[in-house]
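A.B. asks: Listed here are the chains, written in short residue letters.
2 protein chains.
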Amino acid sequence: MDTTISSAGNEALEQQKTRAYAWFRQLQDELIQRLEAIEDAAGPPLFHGQAGRFEKKDWKRGDGSEDLGGGTMAVLRGRVFEKAGVHVSCVHGSFSEAFAAQIPGADKSAGQFWASGVSVIIHPRSPRIPAAHMNTRMLVTSDCWFGGGGDLTPVLDYQRRQDFPDAIDFHAAYEKACDGHAQTDYAQFKKQCDEYFHLAHRDEPRGIGGIFYDRLNSGDWAADMAFTEDVGKAFLDVYPELARRRMAESWSDAERDEQLIRRGRYVEFNLLYDRGTTFGLKTGGNIESILSSMPPVVKWP
Amino acid sequence: MDTTISSAGNEALEQQKTRAYAWFRQLQDELIQRLEAIEDAAGPPLFHGQAGRFEKKDWKRGDGSEDLGGGTMAVLRGRVFEKAGVHVSCVHGSFSEAFAAQIPGADKSAGQFWASGVSVIIHPRSPRIPAAHMNTRMLVTSDCWFGGGGDLTPVLDYQRRQDFPDAIDFHAAYEKACDGHAQTDYAQFKKQCDEYFHLAHRDEPRGIGGIFYDRLNSGDWAADMAFTEDVGKAFLDVYPELARRRMAESWSDAERDEQLIRRGRYVEFNLLYDRGTTFGLKTGGNIESILSSMPPVVKWP
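These protein sequence lines are chains F and Z, in that order. Under this note's numbering, the residues of the first sequence are numbered 550 to 850, in order. Under this note's numbering, the residues of the second sequence are numbered 550 to 850, in order.
Hints may contain errors.
If several chains are the same, the list does not tell them apart, and a pair holds so long as it fits within one copy or across any two.
Derived pair list, reagent style DSS-like, types lysine-lysine, alpha-carbon separation capped at 25 angstroms [unchecked claim]:
#1 Lys606 / Lys848
#2 Lys605 / Lys566
#3 Lys848 / Lys605
Note that these hints are calculated values from the structure, not bench results.
Chain F on its own, in the form it takes in the complex (with noise of 0.2 angstroms):
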């Protein structure tokens, strides 16, 4: 058996774990800053009620006769972000044996694990502003990996477009996070968001792209772990400004009809294909921050 994982010797290993925690944490408190202050930005005639905050809560994996970690969920119920989740979690135990053949250096490991990760989904209630989400995640068997991406889904046809600024300028976040790392190859990061972002039974694409990636392990971790960074920073930085390029427009009900069936698609690629969920689920994730990625109204008319 591999004893990286429990083993206390293994400073270094503890120490990673350590500081990615952290930072997963930090971006947390920095996203909910920057949407909070956008939810102080906006008002009538447009946005009513009053700016929302996010409601933190703690919750602990497993039935609590044994630590099995947990996390922080924070959503915001707002004037300009209809529902937007930002949640980390830190958690370890064993898999399942059918879910441990899955997972890479799980059997070496004995099917122990070791996860961390700050995961945010933005649903705004102007079908101008689009939808967005960005998750970064480090994950420890025998192995030791990173894991990620973010990407944008704009809800009106018109704005679905390569061409459309808001993704013209989402990708361009993205490719100068990936150009500062040797590791990294962002042609390939963008073609697997493309791929991984698909609706299979309609060959929808979810949104425009952005980046996604798996299993990356450069040999250097302090590296993986500064690219890991960017990622986050780069949706820190790029979401916020699409946001607020877009809450000055008004919008008709039409497009609000038309913002709501598209979220059917959101939902139908959460629950059929999307791996976080499904790894959610089948570790005993905590359903309530796992579902909030679900859109507040959705139609299939």
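Fit chain Z to the supplied structure of chain F, relying on the hints for placement.
C.D. replies: Okay, now just chain Z, sitting in the frame of chain F:
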């Protein structure tokens, strides 16, 4: 290779297929009549607009280069029934290798199959009227069997009890349908329904149950077909009675909200667990028909 499917000599099986498909179409027509009659009977102050009518649409499976069967979907967007679908299909062809491995007899039929069925999904506008689902089907590989069932999904908490009158009457209708047939086991079918329509991730039942059976082949095709007809007739009698009973009741905004949230559970079940959805998606079924089961408006607040 077993040639029961393609052999022109097997007239008995061909007649059975023809008879089953004819029944499914007849049941589709009768269900449409019963539901449209309720649309006619309802009106202000609770229900507004015109009485709804089903719109029928034929579809073909595949790209048209060969005959793989198809179906007729009928969808109603009405004043009592916010969205209802009554579909028949009759499809044939080859399972993918991976899928064939999960289907009885598909190895011996070289992946060849024939399938026909009728399905109904009803999402009423009033939260006081329970949602419902019924499906019966006949499958042929090198083996031949029936599957199906009916189940009720009240959306308001106080109706989601086994001692609520609608639940009692719904169960009684299916007990009666089973009791006339020696090869059936009502208690077992009821148990299978509870087990099948269960949201594992929430440890919640989808509704109050009904019956569910699969791979029914008693060795007497005519007897199994007669049972299949009675399962359809039971629904045809009991569901319109329940809808008429509850359609005189007004409802509150809070109850409408409870309905929209409960519908989210319905979506979760269908996309995460439902075999019919999976079967349809994996056999190149008609997306519009399969996903017409999605509720018209849903909330995940």
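A.B. asks: With 25 angstroms as the alpha-carbon cut-off, assign the pair Lys605 and Lys566 to within, between, both or neither.
C.D. replies: Intra 23 angstroms, inter 58 angstroms, cutoff 25 angstroms: intra-copy only.
A.B. asks: Could you figure out if Lys848 and Lys605 sit no more than 25 angstroms apart (CA to CA) within one copy, between two copies, both or neither?
C.D. replies: Only across copies: Lys848 and Lys605 sit 21 angstroms apart there, 28 angstroms inside one copy, limit 25 angstroms.
A.B. asks: Between copies, within a copy, both or neither: which fits Lys606 and Lys848 at Cα up to 25 angstroms?
C.D. replies: Intra 29 angstroms, inter 21 angstroms, cutoff 25 angstroms: inter-copy only.
Checked against the numbered hints above, the structure violates none of them.
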